[in-house]
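Colleague: In case you want the letters, here they are:
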Amino acid sequence: MKLEYIVAIVVILFAAQFFYGVASNPDSEFGGADGEAEDVIAEINPDYEPWFGGIGFEPPGGETESLLFALQAAFGAVVIGYTIGYYKGKGEKNK
Amino acid sequence: MHIFEGFLPSPWWQAWFVFSIPVILYGMYRLNKLVNERREVVPLLAVAGAFIFVLSSLKLPSVTGSSSHPTGTGMAAILFGPAITAVLGLIVLLYQSLFLAHGGITTLGANVASMGIIGPLVAYLFYRAASRSGMNFYLNVFLATAIANWVTYVFTSLQLALAFPAPEGGILASFLAFGAVFATTQVPLAIMEGALTALIMKYVIQIKSDVLVDLKVLSIDKATKLREAMQ
Numbered sequence: 001m002k003l004e005y006i007v008a009i010v011v012i013l014f015a016a017q018f019f020y021g022v023a024s025n026p027d028s029e030f031g032g033a034d035g036e037a038e039d040v041i042a043e044i045n046p047d048y049e050p051w052f053g054g055i056g057f058e059p060p061g062g063e064t065e066s067l068l069f070a071l072q073a074a075f076g077a078v079v080i081g082y083t084i085g086y087y088k089g090k091g092e093k094n095k
Numbered sequence: 001m002h003i004f005e006g007f008l009p010s011p012w013w014q015a016w017f018v019f020s021i022p023v024i025l026y027g028m029y030r031l032n033k034l035v036n037e038r039r040e041v042v043p044l045l046a047v048a049g050a051f052i053f054v055l056s057s058l059k060l061p062s063v064t065g066s067s068s069h070p071t072g073t074g075m076a077a078i079l080f081g082p083a084i085t086a087v088l089g090l091i092v093l094l095y096q097s098l099f100l101a102h103g104g105i106t107t108l109g110a111n112v113a114s115m116g117i118i119g120p121l122v123a124y125l126f127y128r129a130a131s132r133s134g135m136n137f138y139l140n141v142f143l144a145t146a147i148a149n150w151v152t153y154v155f156t157s158l159q160l161a162l163a164f165p166a167p168e169g170g171i172l173a174s175f176l177a178f179g180a181v182f183a184t185t186q187v188p189l190a191i192m193e194g195a196l197t198a199l200i201m202k203y204v205i206q207i208k209s210d211v212l213v214d215l216k217v218l219s220i221d222k223a224t225k226l227r228e229a230m231q
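Those sequence lines, one after another, are chains P and H.
Residue numbering for the first sequence follows our numbering, starting at 1 and increasing by one per position.
Residue numbering for the second sequence follows our numbering, starting at 1 and increasing by one per position.
FYI, nobody ran anything at the bench for these hints, they're computed from the structure.
Every residue, glycine too, gets a C-beta built ideally from N, C-alpha and C.
Hints are not guaranteed to be accurate.
Claimed, not checked - Capping the alpha-carbon separation at 25 Å, the derived lysine-lysine pairs in DSS-like fashion look like this:
(1) H:Lys-202 to P:Lys-93
(2) P:Lys-2 to H:Lys-222
(3) H:Lys-216 to H:Lys-202
(4) P:Lys-2 to P:Lys-88
(5) P:Lys-88 to H:Lys-202
(6) H:Lys-33 to H:Lys-216
(7) H:Lys-222 to P:Lys-90
(8) H:Lys-33 to P:Lys-93
(9) H:Lys-225 to P:Lys-88
(10) H:Lys-202 to P:Lys-90
(11) H:Lys-59 to P:Lys-90
(12) H:Lys-59 to P:Lys-93
(13) H:Lys-33 to P:Lys-2
(14) H:Lys-222 to P:Lys-88
Claimed, not checked - Here are a few chain H residues that sit away from chain P, every Cβ distance over 10 Å (derived from the structure):
(15) Glu-37
(16) Ser-66
(17) Phe-155
(18) Phe-164
(19) Lys-216
(20) Ile-220
(21) Asp-221
(22) Thr-224
Just chain P, same shape as in the assembly (with noise of 0.2 Å):
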């Protein structure tokens, strides 16, 4: 168990870390860092266009796009939870 004690400390003082971000940034929305990259880039090089325009799907709003990322996530967490459970339940019956 002593493992899972360990990473329970770790995600507590990550909330913590968010706390702290939230507190010592007040107006930021937490957007992606790739978004303030780009914001790197109109710095050094303003004149900068993307030259390709995305041909895969563009979720129209928030909302899509946290569906979109909710599937990938649930459709992960699915396979890994059904192949531990698996096999914890094999080597349950061979005992």
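Position chain H relative to chain P; hints supplied.
Modeller: Showing chain H alone in chain P's frame:
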């Protein structure tokens, strides 16, 4: 590590494809061989791929006031090596660039290079070296994956700096500017990813320690000791 669509000018986007494509091809060859020779690793492969899916879908807030992704590729790198991990990373990056307008097709080569190749390579090398020196297994997994996550973003900064050298100070000044955005933001996420990976590895040992021995991730002695410690 997501460089947006169209944000790498010529010749950089082509250069990163030239860098990544051979690794992907080698990874596919290795993957094919592994699956044909050892059917029993398929579930573990699925878990490693799914772990990348879950972690890279999470946008975690950091103390700097911006959010970023864990990569999830460290675990696959420790288990299967960087070439196979590059193939798994490619699948996730394709999904995100085609359906989420995250990353892009023209920048796919560069994004595979950072998240799929360089980060995992660092995780793999660190894990193997520390493993030989006898470091505690979980601490090793934690450090290897946390460092790999961080290096992925430092490498992205370098990729952007090479493509956008500052008018004054050149590549180095740009590298520091991009690094300032990514490197600090990434520290808490790297620690989080390392801890989560160590935990999931514990469950993998619990259920499939024999496969880890087969894959030469652990020696038989070490696997036995780790399993005994769980009883």
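Colleague: Are the hints correct? Go through all of them and say.
Modeller: Results of checking the hints against the structure:
no.	hint	in the structure
1	H:Lys-202 to P:Lys-93	holds, 20 Å
2	P:Lys-2 to H:Lys-222	holds, 18 Å
3	H:Lys-216 to H:Lys-202	holds, 16 Å
4	P:Lys-2 to P:Lys-88	holds, 20 Å
5	P:Lys-88 to H:Lys-202	holds, 13 Å
6	H:Lys-33 to H:Lys-216	holds, 16 Å
7	H:Lys-222 to P:Lys-90	holds, 23 Å
8	H:Lys-33 to P:Lys-93	violated, 31 Å
9	H:Lys-225 to P:Lys-88	holds, 19 Å
10	H:Lys-202 to P:Lys-90	holds, 17 Å
11	H:Lys-59 to P:Lys-90	violated, 35 Å
12	H:Lys-59 to P:Lys-93	violated, 39 Å
13	H:Lys-33 to P:Lys-2	violated, 37 Å
14	H:Lys-222 to P:Lys-88	holds, 21 Å
15	Glu-37	holds, 20 Å
16	Ser-66	violated, 5 Å
17	Phe-155	holds, 13 Å
18	Phe-164	violated, 5 Å
19	Lys-216	holds, 20 Å
20	Ile-220	holds, 18 Å
21	Asp-221	holds, 20 Å
22	Thr-224	holds, 16 Å
Consistency with the previously given hints fails for numbers 8, 11, 12, 13, 16, 18, ordered from lowest to highest.
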